[in-house]
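There are 2 protein chains.
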Amino acid sequence: MTGHPERRAALVDAGVDPVGTASNYFADRDDLLRQIDTRLHVRLAPDPDKFAELLSRPKDRSLVAAFMHDLMGRATHDRTGCLALLEMRLEATRRPELRASFTTSVRADLDEGIRFHREAGLPGGDETVTVLHLAMLGLLLEHLTPPGALEGVLPGVGVPEGLVERIVAAIVPMT
Amino acid sequence: MTGHPERRAALVDAGVDPVGTASNYFADRDDLLRQIDTRLHVRLAPDPDKFAELLSRPKDRSLVAAFMHDLMGRATHDRTGCLALLEMRLEATRRPELRASFTTSVRADLDEGIRFHREAGLPGGDETVTVLHLAMLGLLLEHLTPPGALEGVLPGVGVPEGLVERIVAAIVPMT
Chain R
1 MTGHPERRAA
11 LVDAGVDPVG
21 TASNYFADRD
31 DLLRQIDTRL
41 HVRLAPDPDK
51 FAELLSRPKD
61 RSLVAAFMHD
71 LMGRATHDRT
81 GCLALLEMRL
91 EATRRPELRA
101 SFTTSVRADL
111 DEGIRFHREA
121 GLPGGDETVT
131 VLHLAMLGLL
141 LEHLTPPGAL
151 EGVLPGVGVP
161 EGLVERIVAA
171 IVPMT
Chain S
1 MTGHPERRAA
11 LVDAGVDPVG
21 TASNYFADRD
31 DLLRQIDTRL
41 HVRLAPDPDK
51 FAELLSRPKD
61 RSLVAAFMHD
71 LMGRATHDRT
81 GCLALLEMRL
91 EATRRPELRA
101 SFTTSVRADL
111 DEGIRFHREA
121 GLPGGDETVT
131 VLHLAMLGLL
141 LEHLTPPGAL
151 EGVLPGVGVP
161 EGLVERIVAA
171 IVPMT
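Heads up: the protein sequence lines correspond to chains R and S, in order.
Those letters in the first sequence? Residues 1 to 175, by the working numbering.
Those letters in the second sequence? Residues 1 to 175, by the working numbering.
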């Protein structure tokens, strides 16, 4: 686990693509899958400068929307990584060896979202953030698998950006 | 496709379990997967008598919650079927041969939800139903893959029933 971090990251990135059929490539893949999970969280993490700029804005509902657009932008920019995380949810459900670490990882994402929202002073309480998290997760799933399923579902509402706006408007109080 | 419908349903049910590793069992599985998708929609469909009883109640937000509890109950009762539908989303994303039919199937579920909500005179417009659909989809994903990730996220709120209540209360107008 020591040595050349960049080389290791490149090797793990190479593993992200075949995760759906990883059983064909790796005899014992639990450790590889855990490393891919960790690596995907790095790949999908927000840009610190972008986040610092967003946090300087007024703490109203439109700022929550800006954070959700940023999240959706990262997910669609690294669509392969996002699909790999979905594959791993199912893999962890099938394989007890992976379940504990992946359950911790999935839950940490939600807890981190709740903590961030609270500390940033954004509108809405923990329940708001939880419902928002679930709706964004559903949007990601429906938008990516299979692509195109949401096109035109609400006339005049773009996919996914317009739907992000509708989700935030429905769930988050204005201030 | 004719002959003994019950025998065919039993054969397709037998295919639901190994869908995650279907490539190990079936040389050409596109048609099997389409039949499984159709069959799962039958398995996961609401009970007509239950729905008729629900539709006789006042058309307020608590009725929307009752329908969402019914949906969640069907999904957790047939957890294997629900996981198979998630597997097929990913399979359809990888395989162009499956994508068109599965995109149509996924979209039909949402369109049917919008039509049902409108015709039943339930509170909230098409945007409400769309956001509710996405939040319930996210709840299903987070509740089932991996199981346990949501336990105790909101103190005193049961998983998944209490979260269903919070989703409906956050998204659906009272009347």
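Worth flagging that the hints you see were computed from the coordinates, not collected in a lab.
Model, not experiment: these values are computed from the prediction.
Each hint should be verified, as a subset may be incorrect.
Stated by the list, open to error - Simulated DEER-style distance windows between Cβ atoms: (1) Leu55(R) / Asp60(S): 24 to 30 Å; (2) Arg79(R) / Asp60(S): 37 to 43 Å; (3) Asp70(R) / Glu151(S): 34 to 40 Å; (4) Ser101(S) / Gly125(R): 29 to 35 Å; (5) Arg57(S) / Phe116(R): 36 to 42 Å; (6) Ala108(R) / His77(S): 25 to 31 Å; (7) Glu119(R) / Glu6(S): 54 to 60 Å; (8) Ala66(R) / Thr38(S): 37 to 43 Å; (9) Glu151(S) / Pro155(R): 38 to 44 Å; (10) Leu11(S) / Met174(R): 50 to 56 Å.
Here a beta-carbon is modelled for each residue, glycine too, at the ideal position from N, C-alpha and C.
Hints, verified against the model:
no., hint, in the structure
1, Leu55(R) / Asp60(S): 24 to 30 Å, "violated (40 Å)"
2, Arg79(R) / Asp60(S): 37 to 43 Å, "holds (40 Å)"
3, Asp70(R) / Glu151(S): 34 to 40 Å, "violated (28 Å)"
4, Ser101(S) / Gly125(R): 29 to 35 Å, "violated (42 Å)"
5, Arg57(S) / Phe116(R): 36 to 42 Å, "holds (40 Å)"
6, Ala108(R) / His77(S): 25 to 31 Å, "holds (29 Å)"
7, Glu119(R) / Glu6(S): 54 to 60 Å, "holds (58 Å)"
8, Ala66(R) / Thr38(S): 37 to 43 Å, "holds (41 Å)"
9, Glu151(S) / Pro155(R): 38 to 44 Å, "holds (39 Å)"
10, Leu11(S) / Met174(R): 50 to 56 Å, "holds (54 Å)"
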